[in-house]
Amino acid sequence: MTESVVTDAHPESSSRPTSDLGRIAADSASRRSLLEPSTEMVIRSEKLNFFYDNTAQALFDVDIDVRRGQVVAFIGPSGCGKSTFLRTLNRMNDTIPNTRAEGLVELDGVDIYSPDVDVVELRRRVGMVFQRPNPFPMSIYDNIAFGPRLHSKMTKSETDDLVERCLRGAALWDETHDRLKASALALSGGQQQRLCIARALANDPEVLLLDEPCSALDPNSTSKIEDLIFELRGNYTIIIVTHNMQQAARVSDRTAFFLKGKLIEEGATTEIFTRPSHDETEAYITGRFG
Amino acid sequence: MSQSPRDVSQSSRDASDGSLPPLQPGPSIKKRKSANKPDIRGSIGVFISGGALSFVLVAALALFALLFFRGASAFWPRPLTEWKMENGQTFLVEEFETKDDGSIRGRIANREYQAGRLDFVAEKPELIASRSRPENAVRMERTENGPFHGYLLGEGPNEEGVEGYRVQRPNRDELFFPRENVLRVQYPNQLSFFGRVGTWFGSVGRFIVEVPREANTEGGVLSPLVGTALMVFLMTLMVMPFGVLAAVYLNEYARDSWFTRVARVAVNNLAGVPSIVYGVFGLGFLIYGLGDSIDSLFFGVGEGDMPIFGNPGLLWASVTMALLTVPVVVVATEEGLRAIPREQRDGALALGATRWEMLSRVILPGAKPGILTGAILAISRAAGEVAPLMLTGVVGFEPDLPISTEAPFLHLQERFMHLGFHIYAVGFQSPNVEAAEPLVYATASLLLVLVISLNLVAIRWRTKVRRSLQGR
Numbered sequence: 001m002t003e004s005v006v007t008d009a010h011p012e013s014s015s016r017p018t019s020d021l022g023r024i025a026a027d028s029a030s031r032r033s034l035l036e037p038s039t040e041m042v043i044r045s046e047k048l049n050f051f052y053d054n055t056a057q058a059l060f061d062v063d064i065d066v067r068r069g070q071v072v073a074f075i076g077p078s079g080c081g082k083s084t085f086l087r088t089l090n091r092m093n094d095t096i097p098n099t100r101a102e103g104l105v106e107l108d109g110v111d112i113y114s115p116d117v118d119v120v121e122l123r124r125r126v127g128m129v130f131q132r133p134n135p136f137p138m139s140i141y142d143n144i145a146f147g148p149r150l151h152s153k154m155t156k157s158e159t160d161d162l163v164e165r166c167l168r169g170a171a172l173w174d175e176t177h178d179r180l181k182a183s184a185l186a187l188s189g190g191q192q193q194r195l196c197i198a199r200a201l202a203n204d205p206e207v208l209l210l211d212e213p214c215s216a217l218d219p220n221s222t223s224k225i226e227d228l229i230f231e232l233r234g235n236y237t238i239i240i241v242t243h244n245m246q247q248a249a250r251v252s253d254r255t256a257f258f259l260k261g262k263l264i265e266e267g268a269t270t271e272i273f274t275r276p277s278h279d280e281t282e283a284y285i286t287g288r289f290g
Numbered sequence: 001m002s003q004s005p006r007d008v009s010q011s012s013r014d015a016s017d018g019s020l021p022p023l024q025p026g027p028s029i030k031k032r033k034s035a036n037k038p039d040i041r042g043s044i045g046v047f048i049s050g051g052a053l054s055f056v057l058v059a060a061l062a063l064f065a066l067l068f069f070r071g072a073s074a075f076w077p078r079p080l081t082e083w084k085m086e087n088g089q090t091f092l093v094e095e096f097e098t099k100d101d102g103s104i105r106g107r108i109a110n111r112e113y114q115a116g117r118l119d120f121v122a123e124k125p126e127l128i129a130s131r132s133r134p135e136n137a138v139r140m141e142r143t144e145n146g147p148f149h150g151y152l153l154g155e156g157p158n159e160e161g162v163e164g165y166r167v168q169r170p171n172r173d174e175l176f177f178p179r180e181n182v183l184r185v186q187y188p189n190q191l192s193f194f195g196r197v198g199t200w201f202g203s204v205g206r207f208i209v210e211v212p213r214e215a216n217t218e219g220g221v222l223s224p225l226v227g228t229a230l231m232v233f234l235m236t237l238m239v240m241p242f243g244v245l246a247a248v249y250l251n252e253y254a255r256d257s258w259f260t261r262v263a264r265v266a267v268n269n270l271a272g273v274p275s276i277v278y279g280v281f282g283l284g285f286l287i288y289g290l291g292d293s294i295d296s297l298f299f300g301v302g303e304g305d306m307p308i309f310g311n312p313g314l315l316w317a318s319v320t321m322a323l324l325t326v327p328v329v330v331v332a333t334e335e336g337l338r339a340i341p342r343e344q345r346d347g348a349l350a351l352g353a354t355r356w357e358m359l360s361r362v363i364l365p366g367a368k369p370g371i372l373t374g375a376i377l378a379i380s381r382a383a384g385e386v387a388p389l390m391l392t393g394v395v396g397f398e399p400d401l402p403i404s405t406e407a408p409f410l411h412l413q414e415r416f417m418h419l420g421f422h423i424y425a426v427g428f429q430s431p432n433v434e435a436a437e438p439l440v441y442a443t444a445s446l447l448l449v450l451v452i453s454l455n456l457v458a459i460r461w462r463t464k465v466r467r468s469l470q471g472r
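Protein chains in written order, with our numbering: chain A, 1 to 290; chain B, 1 to 472.
Bear in mind the hints are in silico, worked out from the structure with no lab data behind them. In this text the structure is predicted, and so the values were computed from the model without any measurement. Cβ atoms here follow ideal geometry from the backbone N, Cα and C, with glycine treated the same way. Heads up, a few of these hints could be off.
[To be verified] Rough simulated footprint, nothing fancy, chain B against chain A, three-plus residues with beta-carbon under 8 Å:
id: 1; stretch: 87-100
id: 2; stretch: 142-154
id: 3; stretch: 173-179
id: 4; stretch: 195-206
Using the sequences and the accompanying hints, generate a full structural model.
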């Protein structure tokens with residue numbers, strides 16, 4: 001769990017083909033090394049297997065530990081199971097018929113697949129943002145207030161405060177404060193995605209799952225989302241699935257590489273992008289396949 | 001792929017080594033000479049499809065124009081012409097058109113005094129000795145026997161102590177009509193053009209707000225209008241919740257199994273069942289089955305007593321129409337539900353919404369345009385449908401409205417009138433076909449206006465909802 005800062009001057013890393021990503025990872029790691037990561041475990045999975053249609057196995061014995069306040073990136077080629085794994089963490093896979101999860105997933109030490117777990121409360125504490133921005137067809141204000149209104153009665157002024165706080169938290173307040181009652185669908189794609197993050201934050205979650213949040217966005221919006229992830233780091237545990245390895249290198253503290261439903265390697269981002277311990281990882285991040 | 005640039009000049013015959021033929025410029029894209037001539041083959045498609053469209057447009061326009069013109073002219077106050085016949089008779093005639101054989105068709109009114117009680121005539125011009133338009137000719141609308149054409153003697157009921165109208169038929173004896181038998185007195189030969197226009201608007205207004213009289217040959221269409229509106233309203237109240245909930249179950253809860261597939265096919269096929277079959281079902285099951293049971297259970301109606309709900313009436317007609325339109329609502333609602341992207345469902349669930357919260361707060365509001373489409377289709381269908389209603393509660397003549405100011409205000413068990421059936425009843429079941437004919441066109445125009453305006457309102461509403469959902 002050491003955030004070893006690898007510089008360009010490092011003779012080994014600079015000579016390797018991963019040097020670009022390694023430099024990005026090192027740069028961003030040095031920018032935020034002020035934050036002392038917690039050692040407290042938030043999410044832990046053990047021997048997690050997952051099946052679609054009750055037979056097609058999508059995940060094989062996935063073991064992972066996620067510590068509080070960290071940003072963890074899941075990378076891997078398409079169909080490697082990273083999104084499936086992400087969706088087991090808030091039991092979103094339950095909504096797909098004929099699926100089955102075996103093994104252990106813990107949130108703060110509680111098995112989330114145990115029968116006495118309230119899925120509604122689980123999903124309140126583990127927020128999720130999807131690949132395509134999915135604001136509801138209602139006003140910006142109502143979108144933010146949607147989650148909290150489900151879980152508690154709120155007065156008008158409480159809701160107003162919450163909406164402002166969440167929009168500020170998602171760096172969207174300046175753009176939207178004068179049109180909170182306008183439809184959320186009138187926003188641009190990037191704004192919509194930040195709105196979805198704000199909407200997830202309104203539930204006051206511990207963990208934020210981001211499923212390729214930038215894949216439908218232009219570079220400018222992408223960099224705003226990345227800045228936002230940077231802002232949120234420390235206050236929330238963030239797990240981000242991404243196809244963009246520069247993005248993983250820029251935003252994450254730790255990176256996990258998935259291949260064919262297996263977790264191949266997990267470690268500090270700077271390590272993964274400079275000295276991967278598996279050949280498959282190296283082959284993937286240097287672009288030799290995937 | 002490994003061919004050198006020199007090989008480009010070679011033809012593809014030596015591409016047998018598996019490599020791709022070399023890149024070559026394609027055929028010239030310049031116009032051929034013949035292309036400057038009109039392209040007949042291309043134009044034929046335009047002609048045929050455009051012709052079909054114009055035919056449809058012309059047919060629709062002709063339909064509207066005919067209905068509206070014939071309907072509107074029914075209320076135009078025509079002048080009265082005094083015919084002195086060669087045989088010495090005298091008539092005051094409201095002249096209509098000249099027929100192909102040269103005879104003039106007109107209404108002589110005063111039905112109770114005419115041979116065979118026919119108040120319409122068609123005479124050859126040579127049999128008419130003279131035609132004139134006396135200024136003081138009067139047309140009276142009466143509560144019975146249709147209008148009266150003649151002359152008013154004295155001041156009518158304005159005179160001291162006179163409780164009615166002293167009138168005279170042309171060249172005949174004096175008559176007396178009590179005040180309560182006379183609805184309106186008009187001097188059509190004294191009217192200016194604007195006076196006629198004013199009278200026309202008055203007649204159109206009365207047509208809408210008056211109940212039918214004299215076996216539908218006189219009066220207005222208030223009863224069928226109110227009956228249609230009530231039936232459609234009750235039907236909408238019943239069909240919308242059921243149709244929407246059924247669609248929600250089919251689309252949101254039911255897994256894809258043989259049962260849901262059969263259910264969906266069945267619902268779609270229900271839309272194709274001939275409407276009279278629904279009428280038979282309404283009569284056989286709802287009225288004789290359900291209605292009779294309600295009567296014997298709650299009202300103590302025994303054998304030989306007058307049934308209350310065991311009779312055709314407003315309630316059963318509405319229920320039958322609701323059954324008839326439920327497939328339309330289900331299909332349109334399902335369409336609307338299917339249009340909601342999966343991401344929005346996931347988004348709501350991921351925020352901790354239960355399935356019902358997701359449905360009621362995100363999915364159903366988002367499916368509003370589809371639901372409204374279903375409502376539009378159902379309402380238009382119900383407003384125009386006649387066949388099942390004939391068996392389940394609509395009658396040809398029932399001027400009393402099924403609503404009243406006394407409790408229970410809405411009389412669900414009563415028979416009622418309906419605009420669609422009214423057209424048929426007036427046109428083909430009237431004792432006085434010639435007097436009723438203009439009313440057929442007028443009623444048909446009104447039904448058309450009603451259905452079109454209902455549609456327009458609903459479509460505008462749907463567009464507004466759709467806009468607000470899309471944030472424009």
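Checked hints:
{"no.": "1", "hint": "87-100", "result": "holds (count 4)"}
{"no.": "2", "hint": "142-154", "result": "holds (count 4)"}
{"no.": "3", "hint": "173-179", "result": "violated (count 0)"}
{"no.": "4", "hint": "195-206", "result": "holds (count 4)"}
Hint 3 alone, counting from the list given before, is not met by this structure.
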